[in-house]
Amino acid sequence: MRQGGLLSPALFAAFMDNLITCLKSSRYGCYLRGVYYGYIVYADDILLLPPSVCLIQKMQDICESFVDDCDMRFNCTKSFALTIGLRFLCNCALTLCGEPLIYVTSVKYLGVYSTAAKSFVFI
96 MRQGGLLSPA LFAAFMDNLI TCLKSSRYGC YLRGVYYGYI VYADDILLLP PSVCLIQKMQ
156 DICESFVDDC DMRFNCTKSF ALTIGLRFLC NCALTLCGEP LIYVTSVKYL GVYSTAAKSF
216 VFI
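Here the working numbering is used: position 83 in the sequence shown is 178, and no number is missing along the way.
Simulated from the structure, these hints should not be mistaken for laboratory data. Heads up, some of the hints might be wrong.
What the hints assert, rightly or not - Calculated pairs, DSSO-like style, for lysine-lysine (alpha carbon to alpha carbon, straight line, at most 30 Å): (1) Lys119 x Lys213; (2) Lys173 x Lys153; (3) Lys153 x Lys203; (4) Lys213 x Lys173; (5) Lys153 x Lys119; (6) Lys119 x Lys203; (7) Lys153 x Lys213; (8) Lys203 x Lys213; (9) Lys173 x Lys119; (10) Lys173 x Lys203.
Use the sequences and the hints to build the structure in full.
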């Protein structure tokens, strides 16, 4: 299906729904009052929200395996990591597409800036 085709949005939504189901069933991710918040998805952007570095790698592995099975790929040059928490200065080795993931100190996602810090800081 070509980009901009009439069925492209519907097919991509079905694809993303299957990926979300895989992530949710893994039970990796953050919970708030018993509700799962392991990701934020908008269009073709995916923001993974794990409680630890170990789990982010597992969530990334799930995403990579899923897109490999669908004969798709991530744009790894646009992917990065931002840490928030008591150990936000510790950058553990993460990989995506077989390449090391770059850590950043701030990010803009859906028009909101967030900065690496001990707690969420929105600019």
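Here is what the structure says about each hint:
The hinted pair formed by Lys119 and Lys213 meets the criterion: a straight-line CA distance of about 26 Å does not exceed 30 Å. Note on Lys173 and Lys153: the hinted pairing holds, with a Cα-Cα distance of about 19 Å set against a maximum of 30 Å. Distance check on the hinted pair: Lys153 and Lys203 sit about 24 Å apart at the alpha-carbon level, within 30 Å; holds. Between the alpha carbons of Lys213 and Lys173 the distance comes to roughly 24 Å, so the proposed pair stays at or under 30 Å and holds.
Of the supplied pair hints, the one linking Lys153 and Lys119 holds, its CA atoms being roughly 13 Å apart against a limit of 30 Å. At most 30 Å may separate the alpha-carbon atoms for a hinted pair to count; Lys119 and Lys203 meet this at roughly 25 Å. With a CA separation close to 23 Å, the supplied pair Lys153 and Lys213 stays within the 30 Å bound. For the suggested pair Lys203 and Lys213, the alpha carbons sit about 18 Å apart, so the restraint of at most 30 Å is met.
The straight-line distance between the Cα atoms of Lys173 and Lys119 is roughly 24 Å, inside the 30 Å bound, and the hint therefore holds. Between the alpha carbons of Lys173 and Lys203 the distance comes to roughly 12 Å, so the proposed pair stays at or under 30 Å and holds.
In summary, this structure violates none of the numbered hints.
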